[in-house]
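J.: In case you want the letters, here they are:
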Amino acid sequence: MLFFSFFKTLVDHEVTIELKNDLCITGTLKSVDQFLNIKLDEIRVKDEARYPHLAAVKNVFIRGSVVRYVHLPANAVDTALLEDATRREAGNAAGGKGR
Amino acid sequence: MSFFGFDPSANPSQRGHPSKAPGFGETPDHFAGLQARHDEDDDGIDFEDTYDGLGDTLDETDDVFNDDTFGATTTDRDFDFAGATAKVADVIEEEHAVYTRSNTRKQSAKQTPAPASAVPETSQLPALVPDMSLWGAPPPAPVPAPQHQHHDFMTQPAAMPSTGKRFMSLEEVEAQILAMNQKPSAPPPQQAPRQFQHHVPTSQPMGNQFHQQLPPPHTPSPGVPMNQFGHPTMDLRGFPPQQQLPPHLQHMMQQNQMPQHPQHPQQLHQDRGVAQQPAVQQRVNPREQEPVVPPQGRNQYGMTTHIPMPAQQLQSMSEADRARFLEEESKRLKRNHKIAQLARYNGLMTPQDKNFIQRIQLQQLVSINSAEDNVNEDFYYIVHSAIRARSNPQQPLSQLAQTYLFRHGGRGNRRQDNHLQRMEQQVARAVAAAKARPKASQLVLEGSLGKISFSNVKTPRPMLNIKKSEGGADQTKKVEHMSVGSQRALISQEAQKPSLADRKSLLRAIENVYDALLELEIHERDRSKLPTLPPGQPPQEAHAQWSMKRDQLAYKLYSETKIHLPIDFSSHYTHPFVAILSFSKMKRAIPRVFRHLDPEQRLTVLTMIVVHLDILDVVKHGIYRPDEMQLPSAHREEIDTFANHVLPPLLGYMYEASFPVVHGLLKLMLDRVDVQPVSMTKIGLSFLTMFLSRAELLKQSGQVSEHEAMEWQNVYDRLFATLNGHWNDCFPPNGKFVDDQYVWQFLASMAVGANMQQQQTLVAAVKDRVLENVQASKILPPEIGVQKRENVNLFMRAMGLDVDLLG
Numbered sequence: 001m002l003f004f005s006f007f008k009t010l011v012d013h014e015v016t017i018e019l020k021n022d023l024c025i026t027g028t029l030k031s032v033d034q035f036l037n038i039k040l041d042e043i044r045v046k047d048e049a050r051y052p053h054l055a056a057v058k059n060v061f062i063r064g065s066v067v068r069y070v071h072l073p074a075n076a077v078d079t080a081l082l083e084d085a086t087r088r089e090a091g092n093a094a095g096g097k098g099r
Numbered sequence: 001m002s003f004f005g006f007d008p009s010a011n012p013s014q015r016g017h018p019s020k021a022p023g024f025g026e027t028p029d030h031f032a033g034l035q036a037r038h039d040e041d042d043d044g045i046d047f048e049d050t051y052d053g054l055g056d057t058l059d060e061t062d063d064v065f066n067d068d069t070f071g072a073t074t075t076d077r078d079f080d081f082a083g084a085t086a087k088v089a090d091v092i093e094e095e096h097a098v099y100t101r102s103n104t105r106k107q108s109a110k111q112t113p114a115p116a117s118a119v120p121e122t123s124q125l126p127a128l129v130p131d132m133s134l135w136g137a138p139p140p141a142p143v144p145a146p147q148h149q150h151h152d153f154m155t156q157p158a159a160m161p162s163t164g165k166r167f168m169s170l171e172e173v174e175a176q177i178l179a180m181n182q183k184p185s186a187p188p189p190q191q192a193p194r195q196f197q198h199h200v201p202t203s204q205p206m207g208n209q210f211h212q213q214l215p216p217p218h219t220p221s222p223g224v225p226m227n228q229f230g231h232p233t234m235d236l237r238g239f240p241p242q243q244q245l246p247p248h249l250q251h252m253m254q255q256n257q258m259p260q261h262p263q264h265p266q267q268l269h270q271d272r273g274v275a276q277q278p279a280v281q282q283r284v285n286p287r288e289q290e291p292v293v294p295p296q297g298r299n300q301y302g303m304t305t306h307i308p309m310p311a312q313q314l315q316s317m318s319e320a321d322r323a324r325f326l327e328e329e330s331k332r333l334k335r336n337h338k339i340a341q342l343a344r345y346n347g348l349m350t351p352q353d354k355n356f357i358q359r360i361q362l363q364q365l366v367s368i369n370s371a372e373d374n375v376n377e378d379f380y381y382i383v384h385s386a387i388r389a390r391s392n393p394q395q396p397l398s399q400l401a402q403t404y405l406f407r408h409g410g411r412g413n414r415r416q417d418n419h420l421q422r423m424e425q426q427v428a429r430a431v432a433a434a435k436a437r438p439k440a441s442q443l444v445l446e447g448s449l450g451k452i453s454f455s456n457v458k459t460p461r462p463m464l465n466i467k468k469s470e471g472g473a474d475q476t477k478k479v480e481h482m483s484v485g486s487q488r489a490l491i492s493q494e495a496q497k498p499s500l501a502d503r504k505s506l507l508r509a510i511e512n513v514y515d516a517l518l519e520l521e522i523h524e525r526d527r528s529k530l531p532t533l534p535p536g537q538p539p540q541e542a543h544a545q546w547s548m549k550r551d552q553l554a555y556k557l558y559s560e561t562k563i564h565l566p567i568d569f570s571s572h573y574t575h576p577f578v579a580i581l582s583f584s585k586m587k588r589a590i591p592r593v594f595r596h597l598d599p600e601q602r603l604t605v606l607t608m609i610v611v612h613l614d615i616l617d618v619v620k621h622g623i624y625r626p627d628e629m630q631l632p633s634a635h636r637e638e639i640d641t642f643a644n645h646v647l648p649p650l651l652g653y654m655y656e657a658s659f660p661v662v663h664g665l666l667k668l669m670l671d672r673v674d675v676q677p678v679s680m681t682k683i684g685l686s687f688l689t690m691f692l693s694r695a696e697l698l699k700q701s702g703q704v705s706e707h708e709a710m711e712w713q714n715v716y717d718r719l720f721a722t723l724n725g726h727w728n729d730c731f732p733p734n735g736k737f738v739d740d741q742y743v744w745q746f747l748a749s750m751a752v753g754a755n756m757q758q759q760q761t762l763v764a765a766v767k768d769r770v771l772e773n774v775q776a777s778k779i780l781p782p783e784i785g786v787q788k789r790e791n792v793n794l795f796m797r798a799m800g801l802d803v804d805l806l807g
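Heads up: the sequence lines are chains F and B, in that order. For the first sequence, the UniProt record's numbering begins at 1 and goes up steadily by one. For the second sequence, the UniProt record's numbering begins at 1 and goes up steadily by one.
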């Protein structure tokens, strides 16, 4: 759930999503779900000449499983908090059975 | 032939939802082929109309035998009884049949139980009628496409009464033929929609009401002619009851606060047919279950219909009544229109789709509702939002939580509120039930080679299943366990224990600090959940418990830092606290830890660091080697981290410290630490500067007694003597071009407390440096140059001099 939790904080930020088919889409993150499916608004495709069919597309829904990378806006990420969240996540996973 | 705008040329079978359209559980239409042929004849498309005359040019010599070959008339009209009888009349027959059937149905409602003999025949009927879906009760399947039906009600004219004899024969013969073919087509299971109703918490009560209200009480409508044909009365069984209504309709009705009394749509039909006969609108709230009012007034779509009244009744109405009636009538029409709009997208999703989505939503709710889970699972989001909320107080709640749980909005009437409350309760109950259900995440089938893992909202689908080794956890448990044990035993053990010295266990210790820290911070955040206390009131139970827990956690944090462990100078192991402080991770934690410590503990931390200053990694690695012009980057980073994270809280503490503390610390440092190498480092000098400037500040503010001042002077002299002759070593190599501000700060704080002789010594020692810097400040770019100058001036001014005097 850490990634889900993390991506939720990026809603309304601009992200760039790199898909497994090398398509690279930049847009405003509108929503994300627990499968890390992603909804983008006002999208731009990086290599527009190669994908002319996407020139007119304004928003997309991306299935989480086809995402290779998400480029994050650095200033929207709280690294220290992310470390703590990771600790908690690890703690939950380890203590999950015992607790 | 056109009644009420009805287009008789249109094929009736093409109206309504195509029974073969995908997505609906349609009955197999065994007469599809039959019907198609039927259509050919019914249609206005005629060969003669479309013929272009090309055939005239053909050789017609052998046409004599055409009849033998192709037949004189269109082929195969065996079943086309109506068409064969009268091409024109068939549309009338069609309508007539429909109309009659509606009457029979009405009658049957009154005349239950129906004769058993009628059952097989009538139950076949619906499939035969081309437009049966029109009646909102298609034989076996859920209502396919309500919007079509709705429009059909509006456009379908009232049937024309006719002699019906011919019709009778058509009906019966066709029914017989059908009876032979359609036997196997039993109504498909009605389970799916009902299950769904039960599963969905929000719609459940509606479903129940439906069940309760079956069969619907019908009042006979006076405007409807009786069954003229003596047609066998139909059993209602031929028409699936309202409980089959797809849930979306129920939702719709919920939303509109409509009483949902199942009523056969013909009534609407009739209303139209009888040309807006007046009626008393019956508004019934089904939830209240008023027994007096017959629950009639809405059809299955929640559209209101009214009970037709004889025309004389309208006339007998007063003006006011009539006006009121008309007003209600217009309201009703408006509402019907609205519902029709809403119903446009009905049936887009199958019950399975909705079921699936509802399950996801429910799972989501389960995790939203449990606060503990929430903090665990959604830590980053919650804390991040909290941090952002500080700058932006209008942080919206999670959308879903808003929709489902916090809709206490003032809109809507009391009934609606009540309804919402009920809904919320139901959601809460469903959530509780879902939580109570044991969550098995895996299923291992006997004899299978793998595991089947279920996905849920938190773990969509585990792709990797890494087995955790229990070793690491055990080790930490052991350590924890020991710390619970007697302190005495611990002292010797910890001191001699090499395990703490190895890197892995040190990192583990740091993680323990972080865990304790996080726990404490979460607990601190819970403070806002406590009821606010009016000033002057004794703390309540909750507050007392909260602070007790806080103290516990704070102590746990403190002990995790290992700072309380006594210092053993004879041991060659580094003190655990100093050891873990050598990691930048721990350095970064210090300001956060410091916040939760009481003054005494803070002093302990400071003392611990001061006492071990010479073995602190940042000091050890902060000394320049003879041939080095620059420290290795890793060490520089560590030093920066220390300066940025550890020093500020210590400085903060120092600037409030009393004179004896400052004095004691400096004395301790001189006693325990080899000051000379410490003075060669940035961090060491920072500490010295810290003590000296604080002491000077206290001395100047006059808070220091004579005796204390004397003692301080002793310590100062000791320090001066120790460092005398090494002043130049304080500077980093190549000091001209690197930041040496801290050295000048230190020298300035030394100079302030120095006597005349000491000052002279100091100036003589660093004279070269001063000149070097002043010169460098002239060569260097202006901003750096000014800075250099200022640094030197800091020192000069402390002795009452100025760089400008040097020229």
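Because the hints were derived from the structure by calculation, they are not lab data. Source: prediction; values computed, not measured. Keep in mind that a hint or two might mislead.
In silico DSS-like links for lysine-lysine, alpha-carbon gap of 30 angstroms or less [said to hold, decoys possible]: (1) 767/B x 778/B; (2) 39/F x 354/B; (3) 354/B x 30/F; (4) 767/B x 8/F.
Chain F regions said to be covered by chain B (calculated; three or more residues, Cβ under 8 angstroms) [as the list claims (entries may be wrong)]: (5) 17 to 30; (6) 47 to 54; (7) 83 to 91.
Here a beta-carbon is modelled for each residue, glycine too, at the ideal position from N, C-alpha and C.
J.: Next step is simple, just say for each hint if it's right about the structure.
T.: Now the hints, each set against the structure:
Note on residue 767/B and residue 778/B: the hinted pairing holds, with a Cα-Cα distance of about 17 angstroms set against a maximum of 30 angstroms. A hinted pair counts as satisfied when its Cα atoms are at most 30 angstroms apart, and residue 39/F with residue 354/B qualifies at roughly 21 angstroms. With a CA separation close to 23 angstroms, the supplied pair residue 354/B and residue 30/F stays within the 30 angstroms bound. As the CA atoms of residue 767/B and residue 8/F are separated by approximately 60 angstroms, the hinted pair breaks the 30 angstroms bound.
Evaluation of the coverage hint for the region 17 to 30 of chain F: breached, as 0 residues show C-beta separations to chain B shorter than 8 angstroms, against a requirement of three. With 0 residues bearing a CB less than 8 angstroms from a CB of chain B, the region 47 to 54 of chain F misses the requirement of three and the coverage assertion fails. As drawn, the region 83 to 91 of chain F meets chain B at 6 residues by the rule of a beta-carbon pair under 8 angstroms; at three or more, the given contact holds.
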